[in-house]
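Novice: This is what each chain is made of:
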Amino acid sequence: MNEIDTTLLTRRDLLKILAGAGISAAVAVALADPLSPAVEQIFSGLEAQRQAENPEHQPHWGMVIDLSKCIGCEYCVYACQATNDVADDMRWNIHLVDETPTGDTFHVTRPCLHCQNAPCVSVCPVGATYNREDGLVVMDYDRCIGCRYCETACPYGARSFNWRDRADEPNPHVPQWGTPEVERRPRGVMEKCTFCIHRITGALEQGLTPGVDPEVTPACVNICPVDARHFGDLNDPDSPVSRIIATTPTFRLREEIGTDASVYYIPPEGLAI
Amino acid sequence: MTAVTRFVRRSPIFSAWIALLAIMFGIGIVSIIYVLIHGLQVTNLSDQLPWGLWITVDLSSIALGAGAFTLSAFVYIFNMKRYEAIARAAVVVGLLGYSSAMIALFVDIGRPDRFYFPVIFWQVHSVLWEITMCVVFYSSVLLMEVFPIIVESTPLRNIRFLRGLAHFLHRIMPIAAWIGMGLSLLHQSSLGATYGVLIARPVWFSPSAPVLFILSAVAGGIALTLTVTLITADLKRKCLLPPDILNNVARFAGFAALAYLYLKLWSWAVTNYYSHPPAIRHDLELLGEHTPYGFTFWWFEILLGALIPAIIYLWPRTRRNRYALMLAGLLSALGVVVFRWNMTLSGFVVPMDWSPGVANVFTPATYWPSLVEWGVVVGIVGYWLLAWSLAARFLKLYPYERTIEEARREMLERAAAERSALDESAPAPAR
Numbered sequence: 001m002n003e004i005d006t007t008l009l010t011r012r013d014l015l016k017i018l019a020g021a022g023i024s025a026a027v028a029v030a031l032a033d034p035l036s037p038a039v040e041q042i043f044s045g046l047e048a049q050r051q052a053e054n055p056e057h058q059p060h061w062g063m064v065i066d067l068s069k070c071i072g073c074e075y076c077v078y079a080c081q082a083t084n085d086v087a088d089d090m091r092w093n094i095h096l097v098d099e100t101p102t103g104d105t106f107h108v109t110r111p112c113l114h115c116q117n118a119p120c121v122s123v124c125p126v127g128a129t130y131n132r133e134d135g136l137v138v139m140d141y142d143r144c145i146g147c148r149y150c151e152t153a154c155p156y157g158a159r160s161f162n163w164r165d166r167a168d169e170p171n172p173h174v175p176q177w178g179t180p181e182v183e184r185r186p187r188g189v190m191e192k193c194t195f196c197i198h199r200i201t202g203a204l205e206q207g208l209t210p211g212v213d214p215e216v217t218p219a220c221v222n223i224c225p226v227d228a229r230h231f232g233d234l235n236d237p238d239s240p241v242s243r244i245i246a247t248t249p250t251f252r253l254r255e256e257i258g259t260d261a262s263v264y265y266i267p268p269e270g271l272a273i
Numbered sequence: 274m275t276a277v278t279r280f281v282r283r284s285p286i287f288s289a290w291i292a293l294l295a296i297m298f299g300i301g302i303v304s305i306i307y308v309l310i311h312g313l314q315v316t317n318l319s320d321q322l323p324w325g326l327w328i329t330v331d332l333s334s335i336a337l338g339a340g341a342f343t344l345s346a347f348v349y350i351f352n353m354k355r356y357e358a359i360a361r362a363a364v365v366v367g368l369l370g371y372s373s374a375m376i377a378l379f380v381d382i383g384r385p386d387r388f389y390f391p392v393i394f395w396q397v398h399s400v401l402w403e404i405t406m407c408v409v410f411y412s413s414v415l416l417m418e419v420f421p422i423i424v425e426s427t428p429l430r431n432i433r434f435l436r437g438l439a440h441f442l443h444r445i446m447p448i449a450a451w452i453g454m455g456l457s458l459l460h461q462s463s464l465g466a467t468y469g470v471l472i473a474r475p476v477w478f479s480p481s482a483p484v485l486f487i488l489s490a491v492a493g494g495i496a497l498t499l500t501v502t503l504i505t506a507d508l509k510r511k512c513l514l515p516p517d518i519l520n521n522v523a524r525f526a527g528f529a530a531l532a533y534l535y536l537k538l539w540s541w542a543v544t545n546y547y548s549h550p551p552a553i554r555h556d557l558e559l560l561g562e563h564t565p566y567g568f569t570f571w572w573f574e575i576l577l578g579a580l581i582p583a584i585i586y587l588w589p590r591t592r593r594n595r596y597a598l599m600l601a602g603l604l605s606a607l608g609v610v611v612f613r614w615n616m617t618l619s620g621f622v623v624p625m626d627w628s629p630g631v632a633n634v635f636t637p638a639t640y641w642p643s644l645v646e647w648g649v650v651v652g653i654v655g656y657w658l659l660a661w662s663l664a665a666r667f668l669k670l671y672p673y674e675r676t677i678e679e680a681r682r683e684m685l686e687r688a689a690a691e692r693s694a695l696d697e698s699a700p701a702p703a704r
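Here the protein sequences line up with chains R and B, keeping their order. Just so we're aligned: 202 in the working numbering is position 202 of the first sequence, and the numbers increase by one with no gaps anywhere. Count along the second sequence from 1, then add 273; that gives the number in the working numbering.
Chain B on its own, in the form it takes in the complex (with noise of 0.2 Å):
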């Protein structure tokens, strides 16, 4: 107890911000236990609308985890070491996404006791079996890429026996970074192909859906990485990336949200401005007519998601204020948000009519999440939160960290270095 106390009385703030962060989790906790005991009747969903906030959160916090492929191939495939300055909180917020996502889907499915069930009955044909086998195994090797950092900076360094291990599993990392760029590749799609292969709902059937999925989930997976990465850095008052590298992922991240925009303009343009087709034009009347969809889609998903966020990150002039950067990494996690809120809810709301006649039978569905399932969000945000402020504090994410001071009198030496190379390489100017 007294290292707690002495801990708590060094660092009050921090000790007041996990105390928050836990009531978080103590909230999911307890809601998760509401609903396995009470079952799915406590949420809002119903038969015409079988999925809502937990299937969002689920396929969110998987997309905003595809930092870590995308900075593991960085380092391992593409052999750019240098990245490894910011892999490694990649690959921590990674790991976050998928095992938040995994207690998402674990609460939402209507028998948890049967979760592992499609690791031993497989059916090949479906894409939620593939993403299910693909999140398993992406998950593994996500934590095969932690548990060396984790073994590197605390006391477990000691037993010789997991020292080898983190010795081992760091130098089969790069086969890790293909794995794991394979599966990655894989299940970011499918999990767009879950709604683009549904041919009974014309605003989801649509072979634009997997490569908008894993392309939105690069770019606010990267933004994100590197948001949290400045946030942390201010709270800790150091220099946590060296300023290039800062520089350049930032600038990928900028591209990876004008490819994103590219294809969703494309994908919006063939059916609603180059072509109508009746049942798609129909579906998006309903839409607007009920929801807000219209809305969301051009301000929250197009406007503040992509475009914005694109401009911040390419523009050199906002690249380098690190409070617009922080600003383009959370627009940039609420686009992706909203587009998966929207895309799972869009199908759903609009009703299918499959009746004969041409009278309108069928009602448009509504929806609005009840406490539990708030709740239970609460609680993965916390524990996303608390479990990224530990490994932030505890861990040795970012090898190249150093004081503000340091960071600045290396930039002046270096900038130094390289004027007087300059002058001893140049001809002397001409008089």
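This is chain R alone, in the form it adopts within the complex (with noise of 0.2 Å):
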């Protein structure tokens, strides 16, 4: 007579505990998988409505800079903070120096590169930045609830936050650079390059092209006085855009963690891509 009770789990205690896993995982699954219906429905008919407006071609807005060409100038650093109203320490677009292996100086500037594979976008909790159907990343200020999270995944630093009310600040950069031409943000949210959104948005339906026509072009690519920024429709193998990369060797920055930038960069001299 020596039973020991080896049991550790009652077939009840087991059924429970993958009853447990099941719902967690559903729980999980549930939350983590791809958009709810609802949700994929307003998407889907955004998508039917934008295709019935233009059925034939959808436009992917996007950006050379060529680092070969750049001086530093930073004119159009200060034509952004004109047009877009940006304080001097929230600068939309940036210049740096910098260095190639050989140690020759060259310039960068930085708009936001408007990600594809955006990590701003994919962290938002409540979706106050979203991919446009033509390549931008945007901001809804009326949605955003500063919690930063967006500045903390940009691999780009491409992000500002208003942590003051600007409202009586001056510009000291109109009207020397341009006149703002968007309402300046309240504190407490988030902000970035637009690539001049209005400008762009309902370009074409006016007959004007992006990139072409200055007048719906972002500001820093019209100031820049040696024709080191281009603009354009990266779908459309035609555009100045399209063109530069189809015959220029480019890259883009930190492409090894894939987040499919909408600017690409021509190298300076004597770096090495």
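Some clues are possibly wrong.
Distance ranges between label pairs, derived from CB positions [stated by the list, open to error]:
1) R:17 with B:307: 47 to 53 Å
2) B:539 with R:212: 54 to 60 Å
3) B:551 with R:167: 42 to 48 Å
4) B:429 with R:17: 33 to 39 Å
5) B:436 with R:169: 46 to 52 Å
6) R:181 with B:290: 23 to 29 Å
Which chain B residues face chain R? A few, computed with CB under 7 Å, are given here [stated by the list, open to error]:
7) 310
8) 312
9) 314
10) 317
11) 322
12) 382
13) 387
14) 396
15) 475
16) 542
17) 655
Keeping only pairs whose Cα atoms sit at most 25 Å apart, straight-line, the calculated SDA-like set for lysine to any residue is [claimed, not checked]:
18) R:16 with B:350
19) R:16 with B:346
20) R:16 with B:669
21) B:354 with R:99
22) B:354 with R:17
23) R:16 with B:291
24) R:69 with R:247
25) R:16 with B:413
26) B:669 with B:425
27) R:16 with B:528
28) R:16 with B:352
29) R:16 with B:281
30) B:354 with R:98
31) R:16 with B:635
32) B:509 with B:521
33) B:354 with B:441
34) B:511 with B:350
35) R:16 with B:631
36) B:354 with R:12
37) B:354 with R:19
38) R:16 with B:425
39) R:69 with R:185
40) R:16 with B:511
These aren't lab readings, by the way, just hints derived from the structure by calculation. Everything numeric in this text was worked out from a predicted model, so none of it was measured. All C-beta atoms, glycine included, are put in the ideal place defined by N, C-alpha and C.
Please dock the two separately framed chains into a single complex, following the hints provided.
Specialist: What follows is the structure, encoded as structure tokens:
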């Protein structure tokens, strides 16, 4: 008579555990896996509407920045600040002095890269930043809660936060470099380069082509004195940007992390890519 | 007023303690109002380092509330009913942790007026959205679990409707425990994933971050619940837990700390000992130059925050000493806080080098919280202690509660009963 109860789990316990695991997994899948049908329906509705408006072609706006031409004059920086009413410590478009491995200096400017696989978009808890059909990464200032997770996630430091209320601040770049075309953002929301979205939106319907007609082209591209910035439709093989990309070696910043940026760079002399 | 005066006269020390905590809470309220008026410019946060002390507090207080789901699971899922002796306290600690986190988050977001937006505008690909939803739901679960305790211990029990509601909530507790466990497993890990999914920053990007977060949360959450219980018992001069429950919960906390240490050491060794990815090595070198990261990692996260508590909890001699147990819990909680602080700051301090050339264009960020940031934290700590003190004094948190004499007598009686049972069943010793 040496009966020892070796039962660790009764069948009932096991069933409970399995059921628990099942429920947990189901909840996880329901939360993590693609959009709920309702949201999907909204998106497919938008898609249908867009195709009805413009059946033949969907543009994808992109930029080429020629680092072999850039002289670091910072005109693009100031034009952006004037046009979009951006403060000096919150610049959407910045300039850096960098160095090739052989020790030659060169200039880099960086707008928002409008990634197609944007880390900032996937982390936003409220969908206040999203990819528009034409490739732009858009900010919805009315929805942003100011959690700054997008700023944390952006691999290029391209986002800035409205730490303070800027309503009464002067803009030293106005009117020399342009006049504000958009409203200032309120305190507590995130902002970033928009590719001058207010110029691009509706341009094609008016018969104008962004990247060709200056009034619908980003301010930074128009002002560049050495023609180092080009803008246009990456989906159109005849656009200025597509032609450059097809004929010149270009690279994108931190290509290895798979962000699929819409801004291409032409390397300066002496920088292998 | 007279009731208050009488109370103050009867328990002057407790009243003074409550007054102190109320002052801390008041400092917090003033600081929060100051932040709401002037915005986040009054913090020392910046675009390069946008998360700091408040996020650390938020992550830590949620982690340290993890005792609630673990011990509720003991009672209602694994049907170990005797653990109800500590589960109620754990649930209150949990609710305090989650409400503290909500206060911290509310101040920390740029638009507190839009705090409820994640519930309306779903973005299912964001771990932060998942966390927000889980925290909202789980806080409701915790409220459901705490509500019957409040009704039972206060004059509210005389209201028939509330009594009925409390009874109903108590009956559906097993369901609440299941849901609570599911939600906790999700968001405690997702808090680590908040950093773990960020491919842009090599010190963060790691598949082990979510698991490290939940393991440290379980270890720290149980440890903190046990420690506040022991301290409360000492102050009340009562025995709040049956000895065997105390012993088992302490052992469990020890094993949880070991599990956390095990994964922590491997997740360190894979990228720092057995391989050396250049990006991670570069970032850690910078952190070593500019911050006490290495020192705090080894001393506070590993040694004081996990290894020593594990030893105290698992070595029978120290486990029998209640002061050692209190120390272990405080160290464990400290370890969780330092881990969250290091995790949050390390990724920001190291600049991301996205420029195409070889020049060192970016400089490491520096951060030390501003006075207002500390003020808010003082308020949150004050709130936590104030609510706990009042709950421990006025709510029936410990069903086992008895005086030390009673507990001792009971123990002696049980020992005597066991001895006589042995005497009867055992054959007479051979002469």
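Novice: Mind checking the alpha carbons of residue 669 of chain B and residue 425 of chain B for me, to see if they're no more than 25 Å apart?
Specialist: Holds, because 8 Å separates the two Cα atoms, which is no more than 25 Å.
Novice: Next pair to validate is residue 354 of chain B with residue 99 of chain R; report whether the Cα-Cα distance is within 25 Å.
Specialist: 68 Å, violated
Novice: Look at the Cβ atoms of residue 551 of chain B and residue 167 of chain R and judge whether their distance stays inside 42 to 48 Å.
Specialist: Given range 42 to 48 Å: holds, Cβ gap about 46 Å.
Novice: Okay, residue 181 of chain R versus residue 290 of chain B on CB: inside 23 to 29 Å?
Specialist: 60 Å, violated
Novice: Decide if the proposed pair is consistent with the structure: residue 16 of chain R and residue 635 of chain B, CA atoms, cutoff 25 Å inclusive.
Specialist: Cα-Cα ~54 Å, so violated.
Novice: Taking the closest Cβ pair, is residue 387 of chain B under 7 Å from chain R?
Specialist: Result: holds, 5 Å to nearest chain R Cβ.
Novice: Does residue 655 of chain B pass the interface hint, meaning its C-beta sits closer than 7 Å to a C-beta of chain R?
Specialist: 25 Å, violated
Novice: Quick check on a hinted range of 33 to 39 Å for residue 429 of chain B and residue 17 of chain R, using CB atoms only.
Specialist: Holds - the Cβ-Cβ distance for residue 429 of chain B and residue 17 of chain R, about 37 Å, lies within 33 to 39 Å.
Novice: Quick one, is the residue 475 of chain B hint okay against chain R at 7 Å, beta carbons?
Specialist: 10 Å, violated
Novice: Holds or violated: are the alpha carbons of residue 16 of chain R and residue 346 of chain B at most 25 Å from each other?
Specialist: At roughly 12 Å apart (the allowed maximum being 25 Å), residue 346 of chain B and residue 16 of chain R satisfy the hint.
Novice: Grab the minimum C-beta distance from residue 314 of chain B to chain R and call the hint holds if it beats 7 Å, violated otherwise.
Specialist: At about 4 Å, which falls below the 7 Å cut-off, the nearest Cβ of chain R leaves the hint on residue 314 of chain B intact, so it holds.
Novice: Can you confirm whether the C-alpha distance between residue 354 of chain B and residue 12 of chain R stays at or below 25 Å?
Specialist: Answer holds: residue 354 of chain B to residue 12 of chain R is near 17 Å, not above 25 Å.
This entry does not satisfy hints 5, 6, 7, 10, 11, 15, 16, 17, 20, 21, 23, 29, 30, 31, 34, 35, 38, 39, 40, going by the numbered hints stated previously.
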